[in-house]
Amino acid sequence: MSTKPTTTDLEWTELDQRAVDTARVLAMDSVQKVGNGHPGTAMSLAPAAYLLFQKLMRHDPSDADWTGRDRFVLSPGHTSLTLYVQLFMAGYGLELSDLKAFRTWDSKTPGHPEHGHTRGVETTTGPLGQGIANAVGMAMAARYERGLFDPEAPKGESPFDHTIWAIVSDGDLEEGISAEASSLAGHQKLGNIVALYDDNHISIEGDTETAFSEDVLKRYEAYGWHVQRIEQAANGDFDVQALHAAFQAAKAETERPSIIAARTIIAWPAPNAQNTEASHGSALGEAEVAATKRVMGFDPEQHFQVEDEVFTHVRKVVDRGREAHAAWDKRIQEWREANPERAAEFDRIAAGELPDGWEKAVPVFPAGKDVATRKASGEVLKALGGVIPELWGGSADLAGSNNTTIDASSSFLPEGNPLPEANPYGRTVHFGIREHAMGSTMNGIALHGNTRIYGGTFLVFSDYMRPAVRLAALMKLPVTYVWTHDSIGLGEDGPTHQPVEHMAALRAIPGLNMVRPADANETAIAWREITKRHTTNPAPHGLALTRQNVPTYEANEGVAKGGYVLFEAEGGRPQVILIGTGSEVQLAVEARDALQAEGIPTRVVSMPSVEWFEEQDQAYRDGVLLPDVKARVAVEAGIGLTWHRYVGEAGRIVSLEHFGASADYKVLYREFGLTTDAVVEAARESIADAGRR
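Read in order, the letters of the sequence shown correspond to residues 3 to 695 in our numbering.
Among these hints, one or two may not hold up.
Claimed, not checked - Simulated restraints, written as ranges between beta carbons of each label pair: (1) Pro357 <-> Glu159: 25 to 31 Å; (2) Asp349 <-> Glu683: 56 to 62 Å; (3) Ala340 <-> Val389: 22 to 28 Å; (4) Glu572 <-> Asp630: 15 to 21 Å; (5) Gln243 <-> Lys478: 39 to 45 Å.
FYI, nobody ran anything at the bench for these hints, they're computed from the structure.
For each residue, glycine too, the CB sits at the ideal point set by N, CA and C.
Please build the complete structure, drawing on both the sequences and the hints.
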């Protein structure tokens, strides 16, 4: 472990220090004005954030989406002012008025940073641990992007080489997801991550000795990270020279991810609030704010004080950013001239466009043959992978079950890995048994841009991913989850592995589109629709796929609308509508045959995606679910929560309102009443009930 930095060429002037202290003033005043927030960490981290934004990071405030930029991730999102103040100083569009509006309605400075809401915010953070996992994903994406466009370039010499900078806290490192993601980063030898660990010993409940006493750097050393520790300056503040040298040493380490531990004093240099848990999540109070301003040589009667000289000094980073961008433009032009085909591919991918004729690669499956939808999905993925090079992904050690191996001969693994298929730019990602980190690294990959990512596991283990899935929905990220073994249909593994409540729970997440295809052709069309939506209507999508074989029907484009008429009633207007999803569509089809034999005209609606269906206009939805047909039955091998609004007061739901059991899936369907006869009987009851209303 490195304990001392090597050399530094940092120029640090009194004006730089005044700018750092100004950042502290702005943090204190912003929280004090609104009356709530987290001032302490923003105060103590001000030198580190300033050093990154003003001295080290390659970024251009005039173009926040520049492909060649470094990324900055603030994992402890509660200290959002650490980021907001630097975005203000660097000229990303935030003004003093935005800091004054901190944590208030419709402001650009919400309580935690929100991607897509505030310019310059690379990811939404707040739930601790998510940010460092996002950073790992960004680093993975940067490597894959390099492999797409410039794989032969020596390390550090490609225009696609850049650094992912992150700040992490005690809380981030206590959350289990940080262990998953950091282990993965070490295994992948992601030398393009530099994380600063703010070791301030304070959490909401006081000193971290209440819950956290491990040697963090030894832990990270065991993960395979390059580790350093810097000590405080004599006055208790950051030793910025030492920190700068440590940052430089970390960036120079290209074979391992890097973490730098820095012992800090929260709320430095507040005379009474420093090193207290109160300063973590509460306004300091007018008296303490005034006292702290006096310590730093500011006028305690002034609020949001930014001297002209300081403002002019910090905004010079705009010019430096443009210069860095111009230098990069020159390098990228040289690359374009040397690599015209790759340059054309880069332009296509950066524009979110798909290759010409890509849809022809999507297979159509012959009707009449039974195929598991997980198997169909695997065939579609391989077909898409052959024509869409930016598509990559894998699974949480379940590739053989999830059918997520896009290319068995090419695994995304670092140089030095002993496996014969190892390739630092490989197509197939082995996330390991790390579902939560898989979800969050997928978010980071999507945020980074220029690739398309998917990841798989069993549907029941979406529980491990849920915080990351929720954030993907919040950020509208085009990630795709391949969740297989979607019901009690997986059989003998029993109730621990059989999802029952999961579809309803996932459908409850706003912005997440769940797709449960009935057969192989619905699966293929669903993949095609998801692929189209990546740029035009970005959102996370979850595919819920069967382990067991299911009948294949003729392909129907209605899949892309979420719900459609699979089989129309014969012999007159429908008397009853049967709504099926996933593997239970076949029960609705068989029930229709029985009801039609009794002379009851019956329509079957397949509804693979409630969310897609709800996007359609009222006329389309009414054309599928005829408003005047009150007799309706929905059938799904899970809890029926989703279906009440579709069946109405006279409707019936054939569902599973309890956990499963260990047995052959056919036995389970029979014993739990998920049968054709049950659907037929429910239809009869609904018809009778509708007639009485």
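What hint numbers does the structure not satisfy?
Of the numbered hints given earlier, the structure breaks none, since each of them holds.
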